[in-house]
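Novice: Listed here are the chains, written in short residue letters.
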Amino acid sequence: MSSSLWDAARAALARDRLAMACAAMLALLVVAAVIGPQILDFREDEIDWAHMAAPPFEAPGHWLGTDRLGRDLLVRTLHGMRVSLAIALAATIVSLVIGVAWGAIAGFRRGRTDALMMRFVDVLYSLPQVFFVIILTVVFGRGPLTILVAIGAFGWLTMARIVRGQALALREREFIEAAIVGGAGPARIVVRHIVPNLLGPVIVFSTLTLPQVILVESFLSFLGIGIQEPLASLGNLIADGAAEMETAPWMLAVPAGCLMLVVFCFNFLGDSLRDALDPRDR
Amino acid sequence: MSTFAFVLRRLLGAIPTLALVVTLSFLLTRLAPGGPFDEEQALPPEVRANLEAAYGLDQPVYLQFGRYVQGLLRGDFGPSFRFRDFTVGELIADGLPVSLVLGAAAMLLGLAIGIPAGIWAALSRGRAVDRFVMALAVAGIAVPVFVVAPLLALVFGIWLQWLPVAGFVPGRPSDLVLPVVALALPLIAFAARLMRGSLLEVMRAPWIRAARARGLRERTVVMRHALPAAILPVVSYAGPAAAAVLAGSLVVETLFGLPGMGRHLVQGALNRDYTLVMGMVIVYAALMIALNLLADLAYAWLDPRIRREGRP
Chain C
1 MSSSLWDAAR AALARDRLAM ACAAMLALLV VAAVIGPQIL DFREDEIDWA HMAAPPFEAP
61 GHWLGTDRLG RDLLVRTLHG MRVSLAIALA ATIVSLVIGV AWGAIAGFRR GRTDALMMRF
121 VDVLYSLPQV FFVIILTVVF GRGPLTILVA IGAFGWLTMA RIVRGQALAL REREFIEAAI
181 VGGAGPARIV VRHIVPNLLG PVIVFSTLTL PQVILVESFL SFLGIGIQEP LASLGNLIAD
241 GAAEMETAPW MLAVPAGCLM LVVFCFNFLG DSLRDALDPR DR
Chain V
1001 MSTFAFVLRR LLGAIPTLAL VVTLSFLLTR LAPGGPFDEE QALPPEVRAN LEAAYGLDQP
1061 VYLQFGRYVQ GLLRGDFGPS FRFRDFTVGE LIADGLPVSL VLGAAAMLLG LAIGIPAGIW
1121 AALSRGRAVD RFVMALAVAG IAVPVFVVAP LLALVFGIWL QWLPVAGFVP GRPSDLVLPV
1181 VALALPLIAF AARLMRGSLL EVMRAPWIRA ARARGLRERT VVMRHALPAA ILPVVSYAGP
1241 AAAAVLAGSL VVETLFGLPG MGRHLVQGAL NRDYTLVMGM VIVYAALMIA LNLLADLAYA
1301 WLDPRIRREG RP
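Protein sequences, first through last, are from chains C and V.
For the first sequence, counting from 1, position 72 maps to 72 in this note's numbering; every step adds exactly one.
For the second sequence, counting from 1, position 203 maps to 1203 in this note's numbering; every step adds exactly one.
Next up, chain C with everything else stripped away, as it sits in the complex (with noise of 0.2 Å):
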């Protein structure tokens, strides 16, 4: 892709205040979430005896206050952000690579083997996919790395037909035939010459991967079949909130605002992205 598309698109995106707003943002909550719990004075399961259930700004060190147990919220909120964010970056990864690879070799092979592997893809897609989730957490026992693998078995499949379509229509494109008649063989045309344009949709569809993906998880820790006690979730931090709510209603607020900025955050950048991206604006 010439450089001038992404010199375009990095102006626009620049000028685009809310979006800047939102990726610096994000970059403050990476940042906290990754050392925060490091530099405080407090561990995530870490029981302060003398300061349960107090309020924000009251225990002294509490900055967000506890939870009933005495843990420290804000750092137990950091450290479930944490692993919301690893576990939808990991998963959006494992979407990625499989996606990428999936829709570019069927886009580019065509005739059977596109027909025989996206026929795979759309019988995976009508499938219940929260339910299979549930199942799979039913069987494999809770965890992250369940979550992991039961959010990415099916995340994949919008990037694979998305990159397809790209694949198909770059198929057609002077510079392919070019490769071809150059000499590159098939593996080599589809890693050096698809795949490379095919980065702009799939860094959108990335970034508007990741809010989805913390929101599957939260919601299965949510429902506590995801991320168990005493690692901490956004999802199962929100659930605890809720149970407390009428006395405690801060143990609600603190993860649910946080799960909320992120998501938006995301939400916002990767509709910003894909309006910079998108050469018809220009």
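Calculated from the structure, these hints are not laboratory results.
Some hints could be false.
[Stated by the list, open to error] If we take Cβ atoms under 10 Å as the criterion, some of the chain V residues that face chain C in the derived model are:
hint: 1; residue: Gly1248
hint: 2; residue: Thr1254
hint: 3; residue: Ala1285
All C-beta atoms, glycine included, are put in the ideal place defined by N, C-alpha and C.
Chain C is fixed; fit chain V onto it per the hints.
Specialist: For chain V alone, kept in the frame of chain C given last:
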């Protein structure tokens, strides 16, 4: 193709999907490391062998599968592994009506508010109304059901005490208000956004300019010429919306203590109650397939191109 043939073809097309759901969920649960009777305290081997024989777990997998499918065809989902006194079929019959009422009410409310809100926003494009509706829609999409539902319970149930927070008495509709609203909010947001975008696009079409040029009133232009075309993307969203409502009903039923299928499914998943989870997933899958079919039929009926040529 006649409507009847179209419906028949779609119905037949749903059978392989359902068969796949049954097969996959059966195989996955048999693949599981550890059985349903693994508990903290190990059972004596004799008790375990008797239990497994009672549920047919000592037989080869293909025989178990054959028996399960035969049962399904008779409407028998087998016994629940945990709720020992109930069959899965009884638990489904117990929960299905509650879940259906909840889901249907949420769908209707979501579309009944979302579509007009989207139209209103599109017609007042760029003005305060538009920006307000779209800001709400963005919020409604970013905020998941499991955050909305506790917040609604907190504000309207605990602080204002207008509505009950938990529990369910048959025939007392006030118990369902908060759950239905919580499920409908994301739907309202999605429907409003889709409707606005689609109507704005249609209003730029040449035939709308033609309708205006004929001197029709703006109201007629919108209602008679733009809306029937603009509503199609919202109709095709009905399928995914149904999936979202069914998933959301798990959260809402658990949180508000409604005795629906979702709560049984979550309980079953927590207890590793294989037959219960399988049965529930199969019923949910059948519901989703049926709703997608309804959405497709509505689409075909509304789209004049399909109606006239008779094929989608």
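Novice: Please write out, lowest number first, the hints stated earlier that are contradicted by the structure.
Specialist: Failing hints: none at all.
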